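Novice: In the order they appear, the protein sequences are chains Y, G and Z.
With the first sequence counted from 1, adding 314 to any position gets you the working numbering.
With the second sequence counted from 1, adding 10 to any position gets you the working numbering.
With the third sequence counted from 1, adding 51 to any position gets you the working numbering.
Since the hints were made in silico from the structure, they are not lab data.
A couple of the hints might just be wrong.
With a Cα cut of at most 35 Å, we get these calculated DSBU-like pairs of lysine-lysine [to be verified]:
#, chain 1, residue 1, chain 2, residue 2
1, G, K243, G, K436
2, G, K436, G, K187
3, G, K59, G, K212
4, G, K59, G, K351
5, G, K128, G, K187
6, G, K351, Z, K164
7, G, K59, Z, K164
8, Z, K164, G, K243
Calculated from the model, a selection of chain Z residues having no Cβ within reach of chain G, i.e. all distances over 10 Å [unchecked claim]:
#, residue
9, I67
10, A72
11, N246
12, V251
With the Cβ distance kept under 8 Å, some of the chain Z side facing chain Y (calculated, not the full set) [to be verified]:
#, residue
13, N92
14, I170
15, S183
Quick caveat, the model's predicted, so the values are computed rather than measured.
From the three backbone atoms N, C-alpha and C, an ideal C-beta is built for every residue, glycine too.
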Amino acid sequence: MNQMQQSAPTVRRIPDRLDNPLKSALFSWQTLLLLVAVAIFVANSLASPYFLSPWSLSDATFNFTEKALIALAMALLIISGEIDLSVAAIIALASTAMGFALQFGADTPVLVAIGIGTGLACGAFNGFLVTRLGLPSIVVTIGTMSLFRGIAFIVLGDQAFKGYPASFAFFGQGYVWWVISFEFVLFLAAALIYYVLLHRTNFGRRIFAIGNNQVAAQFSGVRVGRVKFVLFCLAGLMSGIAAVLLTSRLGSTRPSIAQGWELEVITMVVLGGVSIIGGAGSITGVVIAAFIMGLVTFGLGLLNVPGIVMSIVIGALLILVIALPIVYRLVRRR
Amino acid sequence: MPDPTLTLSGVSKSFPGVRALHDVRLSLYPGEVTALIGENGAGKSTLVKILTGIYQPDAGEIAIDGKPVHLSSAHRAFEHGITAIHQETVLFDDLTVAENIFLGHAPRTRLGTIDWRKMRSEARAVLDAMGASHIDANARLRELGIANKHLVAVARAMSIDARIVIMDEPTAALSHKEIEDLFVLIELLKQDGKAVLFISHKFDEIYRIADRYTVFRDGEMVGDGLLRDTGQKEIVQMMVGRSVDHIFPEREARIGAPVLSVSGLSHPTEFDDITFELRQSEILGFYGLVGAGRSEVMQALFGITRPSAGSIVLGGKPIAPRSPADAIAAGIVYVPEERGKQGVVVDLPIYQNVSLPSLARTSRSGFLRLAREFALAREYTERLDLRASSLSQPAGTLSGGNQQKVVIAKWLATSPRVIILDEPTKGIDIGSKAAVHAFMGELVAQGLSVIMVSSELPEILGMSDRVVVMREGRIARIFDNEGLDAVTLVETAAGIVESAA
Amino acid sequence: MSRLVRTREIWLLLAIVAMIAAITLRTPSFASPENLAGIFNNTAILIILALGQMVVIITRSIDLSMASNLALSGMIVALLSSAYPDLPAPLLMAIAAASGLALGALNGLLVWKLDIPSIVVTLGTLTIYRGSNFLISGGTWVNADELGPAFIQTTRVELVGLPLLSWFAIVIAIGFFVLMTRTPLGRSIYAIGVNPVAAVYAGINVGRTKFIAFCISGLVAGFSGFLWVSRYVIASVETANGYELSVIAACVIGGVSIAGGIGTVGSALLGALFLGVITSALPVINVSPFWQMAISGAAIILAVILNARGERKKGRIILKRAEHGA
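Sequences and hints are given; from them, build the entire structure.
Specialist: Below, the structure written as structure tokens:
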């Protein structure tokens with residue numbers, strides 16, 4: 315706009331944006347996911363007469379909100395270039411801690427605090443190992459995964475803790491209004507918070523910078539270690555919250571709970587468009603992916619498909635969704 | 011005149027949005043060295059990648075001994091006797107010298123497994139023939155210095171009886187003596203009838219070792235011929251397309267009081283007893299041979315490494331930065347040598363790169379304010395005359411010179427007191443070089459103080475007010491830039507005893 | 052690279068010997084040749100799997116689907132055997148191996164041709180293979196009554212005092228040793244792990260080498276499927292559930308670096324044996340098996356810390372020490 319005519323060359327005015335190329339790229343992934351979600355919704359309602367009832371839909375939410383809560387934090391972690399395979403084990407340990415406290419007569423607020431606190435502590439432990447000792451997160455969390463769940467097994471063996479107070483059951487089984495469960499509301503609130511955190515704050519911007527080029531981010535003054543430590547703590551925190559919800563829903567604690575959940579959480583995140591090598595992704599995508607996985611598993615459940623066959627669908631879905639844009643690009647090149 | 015060993019004709023190569031090479035012509039003759047000259051972005055590295063089979067040309071023909079060939083992969087190029095020695099050795103640190111020499115074509119036993127004994131003895135034979143018997147064929151490559159690594163790369167070329175040897179800025183990391191040794195080797199290659207392509211921007215070397223030249227500019231071949239018939243000025247003109255007299259900006263040195271005092275700074279393995287002062291509005295040059303420890307000192311000042319002893323006083327207050335964030339807060343910023351790895355985040359947009367250290371200022375209570383980020387980015391990129399189509403463009407799509415501008419812009423936006431530039435114009439085209447130099451002049455005029463680490467003598471002599479020369483981790487001498495000449499600097503840096511006091 | 056692991060291997064060997072010694076103090080029979088051979092036999096399958104995983108990890112990839120591959124391939128031959136009990140063991144072994152190879156090749160193709168990160172691919176195939184196991188078996192088990200005699204005998208036949216299962220492990224380990232140290236393929240595998248860029252320049256086809264690495268890991272996983280069913284005389288959907296983590300643990304403990312390029316047959320062998328000794332030792336010293344997981348976890352973390360220490364690049368040494376004056 316302002317052209318300064320001087321003896322020096324005119325100052326160029328560089329526009330802020332041309333069109334929104336970055337946004338449209340992400341947009342198309344989310345649109346694709348949304349279309350898939352709608353397709354599955356329609357397929358489900360056609361396949362089973364039970365699907366469309368409000369209570370049924372509400373039931374559908376239970377089976378994925380706990381994992382989705384963890385997926386929110388996992389997404390941030392993966393965008394920063396790390397990973398946490400111990401989240402399911404953290405659930406087991408946190409639940410065991412709660413059950414243990416239960417034996418000493420702890421009441422609901424204390425139980426919740428212990429559950430969340432244990433999760434946070436486990437996350438901090440992971441964070442310490444990765445950021446302070448500089449260890450690769452993939453193998454470290456394979457180790458802590460065994461360690462955390464191992465501790466749960468030591469404490470419980472093949473027994474279970476039962477007898478949680480009635481008030482405790484609200485978290486996993488309660489409804490806020492009509493069919494809307496507490497878990498679902500909690501998830502929506504958390505999704506909103508994480509959305510703002512990742513896409514609208516300095517903290518989120520730093521996460522993307524670290525995921526894209528950790529060295530350059532560090533050279534630009536980003537406190538990489540601190541950011542990653544917080545992210546591991548968040549993963550632990552969300553796992554602790556999930557532990558409270560799950561334990562409350564099941565009404566008991568076994569050391570084997572949430573077995574295999576870490577892979578489902580990661581699937582949710584990757585399906586949601588987060589690049590496994592870090593640096594790219596959005597919360598919106600993860601939320602839609604969570605819905606997709608919930609719809610698929612619930613729909614298949616209504617058709618009495620066994621869980622293990624469901625996982626074929628999930629596994630295939632994961633590969634297909636990742637492969638699709640690559641295949642598309644390859645075909646276009648020809 | 012013998013027939014050329016290798017000819018390229020009509021070769022073109024494009025990438026999305028970039029035309030790297032267009033209708034390029036090149037001939038390499040046996041027993042002769044052809045220098046490939048061009049600014050950065052002129053297409054030299056693309057050409058090398060095509061010759062080594064990494065890329066395939068979109069159009070044109072490559073012929074060896076007059077017969078057209080299709081270099082569809084690195085292996086095929088290898089089979090046709092084309093080998094390359096790159097600036098950063100592309101060999102395997104963890105394998106031995108012998109393994110590196112023979113990787114991909116190791117002598118086999120009758121069973122098809124690798125014949126280790128034969129490989130080792132052949133490796134030794136090749137190294138001896140090169141006059142490099144001092145290199146132990148069993149040593150791991152990582153134990154060798156960069157000069158010897160280059161020799162191993164040359165040995166690899168000899169071992170496959172390569173006919174075409176490409177050398178891409180081979181002297182970039184070598185000392186003067188090592189460069190001499192390399193030239194002896196090149197003569198050997200010439201005598202062996204090999205055709206050598208020598209890529210360099212150092213005219214003294216080119217005139218010394220090469221017989222012919224080819225000039226690229228903006229992806230096109232703009233001139234070639236025999237070096238003995240052509241003057242340097244002509245070649246530069248072809249490179250740049252205009253007559254260029256590189257004049258360093260005149261500055262009024264209103265140098266003030268010391269702003270940064272470093273004393274006794276030491277590190278267990280990298281440097282020792284570093285003591286110097288930086289005064290306000292001064293440009294302090296840091297010269298030395300590669301590996302003298304200059305960047306290491308700067309990285310300690312910037313908080314990337316921790317010194318074991320010594321003190322740093324900035325603006326009268328002692329500081330001990332333990333991380334770049336600390337250093338930035340204190341007012342010291344660092345423009346790193348490796349732009350792509352340490353300077354810009356290539357997939358993030360320009361404006362995000364510029365605002366990254368300044369988020370605390372552009373944001374409100376931790377929430378991003380894009381309008382302010384764009385404004386900040388615009389202000390500083392316009393000051394530096396950045397060439398980009400939009401501020402949302404990923405920084406990685408910019409040319410080297412423009413990426414450097416983004417890095418400098420990023421730091422200026424933090425209003426630093428001291429800016430450390432590490433090889434600021436390395437690998438940048440002449441036009442951007444001049445812009446960076448002019449800009450440095452403006453910075454000091456506004457009261458900033460600059461430390462400039464550089465290995466380019468003209469730059470050191472043309473820009474510095476004083477020069478610190480480092481050698482093997484210590485300060486050899488600090489000079490005032492009055493009547494200082496290149497020879498003195500080089501001798502001090504190399505530790506050659508001066509004849510007079 | 053191999054020098055580093057050699058030191059590491061010696062430490063590991065010492066640790067294993069120390070563990071055995073400590074337990075033998077409590078229970079003298081622990082160190083008896085029969086018992087030690089028994090430990091080796093019990094660890095044989097883990098050793099074989101760890102070797103396959105090692106190759107993949109060296110190329111900077113990971114194969115999370117090995118256990119599911121094992122289970123599926125094992126189930127395939129188990130079903131075949133129960134339908135045709137007279138099928139000879141070598142044929143069954145070949146079929147299991149071929150099945151494993153095909154499953155591994157699928158992983159490899161997705162990584163090579165579509166350039167999908169291996170962690171994503173094998174995460175997907177992990178569930179697909181396990182689910183397929185359910186599909187072909189209908190969730191039922193195939194147990195001893197239904198398996199042909201060939202199956203049941205194969206791993207138990209003794210040769211020079213060791214069961215065939217142990218011999219398989221030994222032969223396969225030797226095979227891997229030759230592969231990794233004596234063949235160009237082995238060199239290529241290390242090369243792409245150490246420096247993928249340089250490998251391309253050296254003319255190595257990185258994608259194809261990774262594909263072959265996955266074929267190898269799939270092949271051993273499939274073959275191990277036969278061995279597993281033969282050893283435990285049962286094939287079910289639960290077979291080797293979660294075992295992929297033990298395999299990776301064995302590699303990590305053995306010193307195979309997750310960053311690629313580092314690892315030898317010795318690493319895989321010793322890492323697996325380390326876990327094997329712990330597993331065998333726990334019941335002997337009256338520690339409940341429930342401790343096993345936690346101990347493995349702690350061992351992995353320690354191993355990773357040690358790995359990291361070893362890999363840390365030495366700082367630049369610029370100062371020449373002592374008498375190198377100015």
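Novice: Run every hint past the structure and note whether it holds.
Specialist: For each hint, the structure was consulted:
At most 35 Å may separate the alpha-carbon atoms for a hinted pair to count; K243/G and K436/G meet this at roughly 21 Å. Distance check on the hinted pair: K436/G and K187/G sit about 22 Å apart at the alpha-carbon level, within 35 Å; holds. A distance of roughly 21 Å separates the Cα atoms of K59/G and K212/G; the hinted pair therefore holds under the 35 Å criterion. Under the criterion of a C-alpha separation no larger than 35 Å, the hint pairing K59/G with K351/G is consistent with the structure, at around 21 Å.
This hinted pair checks out: K128/G and K187/G have alpha carbons roughly 32 Å apart, not beyond 35 Å. A distance of roughly 28 Å separates the Cα atoms of K351/G and K164/Z; the hinted pair therefore holds under the 35 Å criterion. Taken as a hint, the K59/G and K164/Z pair is honoured in the structure, with Cα atoms around 22 Å apart against an allowance of 35 Å. Pair hint K164/Z plus K243/G does not hold up; C-alpha atoms about 50 Å apart against a cutoff of 35 Å.
No Cβ of chain G approaches the Cβ of I67/Z within 10 Å, the least distance being about 26 Å, so the stated non-interface status holds. The claim that A72/Z is not at the interface with chain G holds, since no C-beta of that chain comes within 10 Å of its own (minimum 34 Å). A beta-carbon of chain G comes within 10 Å of the beta-carbon of N246/Z; the shortest separation is about 5 Å. In this structure V251/Z is not separated from chain G by more than 10 Å, as the shortest Cβ-Cβ distance comes to only about 6 Å.
At a threshold of 8 Å, the smallest CB-CB gap from N92/Z to chain Y is about 24 Å, leaving the interface hint violated. Given hint, I170/Z at the interface with chain Y, holds; its Cβ is 6 Å from that chain's nearest Cβ, closer than 8 Å. Given hint, S183/Z at the interface with chain Y, holds; its Cβ is 6 Å from that chain's nearest Cβ, closer than 8 Å.
Consistency note: the structure conflicts with the earlier hints numbered 8, 11, 12, 13.
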